[in-house]
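Asks: If you want the building blocks of each chain, they are given just below.
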Amino acid sequence: MGLHLKLFVLACTSLLSFSTILAQQSLDRITVKGNSFVNQKGDTIVFRGMSSSDPDKLKNDGLWTKQYFEEIKDWGANLVRFPVHPKRVRDRGLQEYLKLLDDGIKWAGELGIYVVIDWHSIGNLYTGIYLLDIYDTTQKETFNFWRTIAQRYGKNTTVAFYEIFNEPTTDQNRFGALDWDSWKAFNKQAITIIRANGGEGIPLVAGFNWAYDLTPLKFSPLDIEGIGYVSHPYPQKRAKPWEEKWTRDWGFAKNNYPIILTEMGFCGPEDPGAHVPVISDESYGTAITQYCDQRQISYVVWVFDMDWAPNMYTDKKFTPSRQGKFFKQKFNSYQ
Amino acid sequence: MGLHLKLFVLACTSLLSFSTILAQQSLDRITVKGNSFVNQKGDTIVFRGMSSSDPDKLKNDGLWTKQYFEEIKDWGANLVRFPVHPKRVRDRGLQEYLKLLDDGIKWAGELGIYVVIDWHSIGNLYTGIYLLDIYDTTQKETFNFWRTIAQRYGKNTTVAFYEIFNEPTTDQNRFGALDWDSWKAFNKQAITIIRANGGEGIPLVAGFNWAYDLTPLKFSPLDIEGIGYVSHPYPQKRAKPWEEKWTRDWGFAKNNYPIILTEMGFCGPEDPGAHVPVISDESYGTAITQYCDQRQISYVVWVFDMDWAPNMYTDKKFTPSRQGKFFKQKFNSYQ
Amino acid sequence: MGLHLKLFVLACTSLLSFSTILAQQSLDRITVKGNSFVNQKGDTIVFRGMSSSDPDKLKNDGLWTKQYFEEIKDWGANLVRFPVHPKRVRDRGLQEYLKLLDDGIKWAGELGIYVVIDWHSIGNLYTGIYLLDIYDTTQKETFNFWRTIAQRYGKNTTVAFYEIFNEPTTDQNRFGALDWDSWKAFNKQAITIIRANGGEGIPLVAGFNWAYDLTPLKFSPLDIEGIGYVSHPYPQKRAKPWEEKWTRDWGFAKNNYPIILTEMGFCGPEDPGAHVPVISDESYGTAITQYCDQRQISYVVWVFDMDWAPNMYTDKKFTPSRQGKFFKQKFNSYQ
Ligand SMILES: [Mg+2]
Ligand SMILES: [Mg+2]
Ligand SMILES: [Mg+2]
Ligand SMILES: [Mg+2]
Ligand SMILES: [Mg+2]
Chain A
3 MGLHLKLFVL ACTSLLSFST ILAQQSLDRI TVKGNSFVNQ KGDTIVFRGM
53 SSSDPDKLKN DGLWTKQYFE EIKDWGANLV RFPVHPKRVR DRGLQEYLKL
103 LDDGIKWAGE LGIYVVIDWH SIGNLYTGIY LLDIYDTTQK ETFNFWRTIA
153 QRYGKNTTVA FYEIFNEPTT DQNRFGALDW DSWKAFNKQA ITIIRANGGE
203 GIPLVAGFNW AYDLTPLKFS PLDIEGIGYV SHPYPQKRAK PWEEKWTRDW
253 GFAKNNYPII LTEMGFCGPE DPGAHVPVIS DESYGTAITQ YCDQRQISYV
303 VWVFDMDWAP NMYTDKKFTP SRQGKFFKQK FNSYQ
Chain B
3 MGLHLKLFVL ACTSLLSFST ILAQQSLDRI TVKGNSFVNQ KGDTIVFRGM
53 SSSDPDKLKN DGLWTKQYFE EIKDWGANLV RFPVHPKRVR DRGLQEYLKL
103 LDDGIKWAGE LGIYVVIDWH SIGNLYTGIY LLDIYDTTQK ETFNFWRTIA
153 QRYGKNTTVA FYEIFNEPTT DQNRFGALDW DSWKAFNKQA ITIIRANGGE
203 GIPLVAGFNW AYDLTPLKFS PLDIEGIGYV SHPYPQKRAK PWEEKWTRDW
253 GFAKNNYPII LTEMGFCGPE DPGAHVPVIS DESYGTAITQ YCDQRQISYV
303 VWVFDMDWAP NMYTDKKFTP SRQGKFFKQK FNSYQ
Chain C
3 MGLHLKLFVL ACTSLLSFST ILAQQSLDRI TVKGNSFVNQ KGDTIVFRGM
53 SSSDPDKLKN DGLWTKQYFE EIKDWGANLV RFPVHPKRVR DRGLQEYLKL
103 LDDGIKWAGE LGIYVVIDWH SIGNLYTGIY LLDIYDTTQK ETFNFWRTIA
153 QRYGKNTTVA FYEIFNEPTT DQNRFGALDW DSWKAFNKQA ITIIRANGGE
203 GIPLVAGFNW AYDLTPLKFS PLDIEGIGYV SHPYPQKRAK PWEEKWTRDW
253 GFAKNNYPII LTEMGFCGPE DPGAHVPVIS DESYGTAITQ YCDQRQISYV
303 VWVFDMDWAP NMYTDKKFTP SRQGKFFKQK FNSYQ
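Chains A, B and C are the protein sequences, given in the same order. Going by the numbering used here, the first residue of the first sequence is number 3, and it counts up by one from there. Going by the numbering used here, the first residue of the second sequence is number 3, and it counts up by one from there. Going by the numbering used here, the first residue of the third sequence is number 3, and it counts up by one from there.
A portion of the hints provided could be inaccurate.
In this list, chains with the same sequence are indistinguishable; a pair is considered to hold if it fits within one copy or across any two.
As the list claims (entries may be wrong) - BS3-like, lysine-lysine: derived pairs with alpha carbons at most 25 Å apart: (1) Lys-61 / Lys-318; (2) Lys-59 / Lys-220; (3) Lys-108 / Lys-68; (4) Lys-242 / Lys-190; (5) Lys-142 / Lys-186.
Source of the hints: derived by calculation from the structure; they are not laboratory data.
With the sequences and hints as input, model every part of the structure.
Replies: Following this line, the structure appears as structure tokens:
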């Protein structure tokens with residue numbers, strides 16, 4: 003003890019200033035009630051929105067502006083997801099990166115749009131093998147990230163969701179084996195850290211197979227209340243007809259838990275960046291949105307960017323892409 | 003094999019030179035006998051001393067000199083603790099840092115003062131969340147540190163104690179959960195490494211809750227002989243009257259094991275750096291020293307520095323602070 | 003998804019180019035059949051060869067040339083082992099280091115010599131204590147290394163063996179304790195990664211005690227088919243007479259599994275770099291090669307270098323050293 007006291011007091015002062023700023027937010031705190039997300043009155047809220055690209059990327063593009071969020075609002079979304087790539091945080095520096103999040107959360111909140119903060123790694127946290135360097139992280143870095151997020155935004159009602167780890171995958175064991183008990187233990191530790199540091203939002207736990215498969219919930223859910231589960235049911239994860247397979251693989255879980263598809267979307271085979279598993283057509287858009295609407299499952303379209311695929315717009319005027327047209331119309335139909 | 007042989011022989015030669023130097027030390031080897039620390043004749047030795055600030059900090063202040071240790075001697079201490087902050091070691095470089103320890107151990111030994119080497123981290127070694135960057139480390143770094151210390155000072159009788167990890171804490175789960183079995187496994191591994199590398203001093207194992215709580219010893223002590231246990235019973239850890247709570251929380255353990263309070267101390271609310279849990283008055287000094295004296299519990303006051311809090315002196319002339327006056331008198335009363 | 007697609011396609015293209023190049027190789031794929039290594043016809047192949055020094059070291063010496071491999075061929079070897087030191091990979095950079103392996107594998111393959119890629123660490127992967135900095139690594143780095151090797155050379159039949167970790171040792175607990183179940187779990191994960199990434203060569207698992215002791219196989223072999231086990235029975239690991247001890251410690255395992263001594267060798271006490279456990283004379287050479295020949299155990303002599311010890315040649319003309327003379331004659335006697 004001793005040395006650190008002055009620093010500690012400084013840190014607390016900083017937290018207080020944030021709290022003051024954040025207290026200006028006026029969105030309802032979203033919580034879990036049964037198998038639903040609800041507002042403070044207890045009304046079920048179904049979220050439909052889109053994932054931004056990495057805020058660091060949008061900042062570099064000159065698009066990390068309030069106008070970007072006004073466009074999201076105009077498209078009819080009530081949720082935006084920020085995919086925070088571990089390497090982008092390291093490269094920009096945590097403190098600088100947090101300023102981007104501060105801005106995005108403020109702009110979203112002012113427009114009545116909720117936010118998912120998503121730790122956007124892909125791979126196996128136990129072997130330390132990731133799809134690409136941009137996804138490289140460690141359990142230690144991940145736990146410290148969530149501590150920081152919970153301290154900084156834990157009371158901010160705009161930040162409705164904490165998506166603990168984007169896509170756990172062994173890539174058919176190419177990233178090494180991973181068992182469900184280990185995955186649960188990691189998520190439980192992350193949720194413990196989030197909550198102990200004041201994070202009042204809803205932790206989201208991803209399924210296996212690149213966040214597709216929630217079947218282990220049939221026998222081994224987390225023993226934690228107040229969380230949601232995630233699937234990313236891109237069109238080529240299963241062959242048509244989809245509905246029965248979706249129900250078997252992840253849709254069944256909506257009987258007991260709130261479910262949110264934090265990624266989904268499609269593009270045609272000729273579209274830029276088209277790749278497995280996202281190639282399809284509007285029949286996918288129709289099927290997945292009907293499936294979700296019938297069951298009050300929330301969903302988030304990947305990705306509100308012009309370069310990353312499948313994109314939702316094609317130029318800096320936000321001209322909708324093929325899936326952009328579909329989802330812009332769909333989002334607006336809810337209003 | 004092959005490549006490394008020459009290096010290995012070099013390393014052994016270096017060790018021999020150290021042994022030669024260190025053989026000039028003449029303090030008794032301290033060991034554990036029953037629930038006590040004893041000298042070579044088997045007499046119980048109760049330690050009363052103080053923690054220095056980080057040797058790196060004192061070096062930068064121009065105070066890492068034999069005069070500093072003469073002052074400690076003059077105050078009546080028979081033990082000094084060196085809190086080695088992981089980041090200070092990395093920043094100065096291990097080899098340069100070890101030279102500081104070499105000097106401090108030599109000066110202490112020449113004055114008949116024993117030394118505790120303390121790996122001064124605060125946090126959760128399993129999640130990798132620490133109170134501040136200066137405490138950041140890993141299990142790997144910690145194990146390698148103790149290997150180095152045991153190789154370099156293992157036969158040096160001045161270095162009586164190895165305090166494996168200063169303050170394990172989950173900070174009420176803010177640093178993530180940690181169970182006693184994991185904490186035991188970590189300490190057992192560190193002790194295995196220390197002893198296999200020739201460390202003949204006494205390993206010290208800290209309790210939970212910032213090294214306060216030793217209650218798990220009631221059902222699950224380490225299955226290792228010859229070690230001591232640590233509590234840091236700062237005044238505000240419990241409300242007055244303290245004695246019954248101290249007995250329940252850590253004092254009971256003295257029935258079976260040697261106990262050393264490697265940190266304790268107080269300052270008034272108006273003193274520089276005053277903070278929870280150290281704010282109190284002389285009634286704390288009286289209570290804790292009586293408690294220890296009646297039970298032959300060793301203790302170490304935090305901190306023999308003018309800047310860190312609660313300080314023991316207030317200027318480079320070593321003018322005693324409020325707690326400095328109390329403990330200087332107390333130390334001298336034992337002689 | 004999204005961002006990484008272009009990179010992913012690029013990576014796949016690179017892999018295809020490698021496959022094309024490597025398809026020119028014409029050596030048989032070596033596999034495990036019962037307790038033997040066999041070629042595609044099912045004939046038992048016993049390997050006798052030598053370990054190079056680190057390719058990075060030979061490159062710096064100007065010896066990483068086809069001539070080096072022609073010399074190996076001339077000495078009568080059918081196998082060469084590349085000891086890849088983790089620090090050498092980091093210092094040169096992985097991509098540059100792989101170019102060295104590309105060259106060595108090509109030259110070996112053109113001459114009909116098989117290759118062992120050996121991750122040349124010495125120490126305890128669980129505590130993170132290693133003999134020297136050059137051996138320092140992590141489980142994460144090790145897993146990622148094998149992923150890379152399997153992707154790049156998995157279909158290349160010249161690369162017959164993947165030696166997962168050179169010498170696990172606790173150095174009598176100086177590197178911390180390590181239990182066989184943990185060692186098995188680590189190797190199983192590495193083998194899972196190698197095979198899932200297309201590695202069709204044979205994984206080799208080392209015994210404890212610096213890759214000497216295979217006695218745990220008596221009660222707890224890995225539950226994986228198609229692997230080999232490794233011992234490094236240097237002369238001073240046991241006192242003469244050796245044979246009974248070798249059978250008890252590792253030779254017994256040949257009843258059930260293919261065994262390869264990926265390191266062995268000797269030098270006289272007066273030879274450069276002589277050190278425990280390699281000091282002996284030709285009686286060791288005779289004993290170990292007879293022992294192996296009688297049981298069809300493969301072996302690899304350490305080390306085909308002029309500087310590292312025990313060396314096999316003494317100058318850039320490849321003049322045989324004392325053990326060099328012995329093994330050059332022995333290798334040629336098989337032909
Ligand atoms: Mg998976
Ligand atoms: Mg070796
Ligand atoms: Mg604690
Ligand atoms: Mg994705
Ligand atoms: Mg061993």
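Asks: Look at each hint and say if it fits the structure.
Replies: Comparing the hints with the structure gives:
1. For the homomeric pair Lys-61 and Lys-318, the shortest alpha-carbon distance inside one copy (13 Å) is at most 25 Å, but the shortest distance between copies (51 Å) is not.
2. With identical chains, the CA atoms of Lys-59 and Lys-220 are never at most 25 Å apart, being 38 Å at best within one copy and 55 Å at best between copies.
3. In this assembly of identical chains, the alpha carbons of Lys-108 and Lys-68 lie at most 25 Å apart only when taken from the same copy (9 Å versus 57 Å across copies).
4. Within a single copy, Lys-242 and Lys-190 get their C-alpha atoms no closer than 35 Å, and across copies no closer than 37 Å, so neither meets the 25 Å cut-off.
5. In the homo-oligomer, the alpha carbons of Lys-142 and Lys-186 lie at most 25 Å apart both inside one protomer (16 Å) and across protomers (20 Å), since each shortest distance falls under that limit.
The structure fails hints 2, 4 (numbered hints given earlier, in ascending order).
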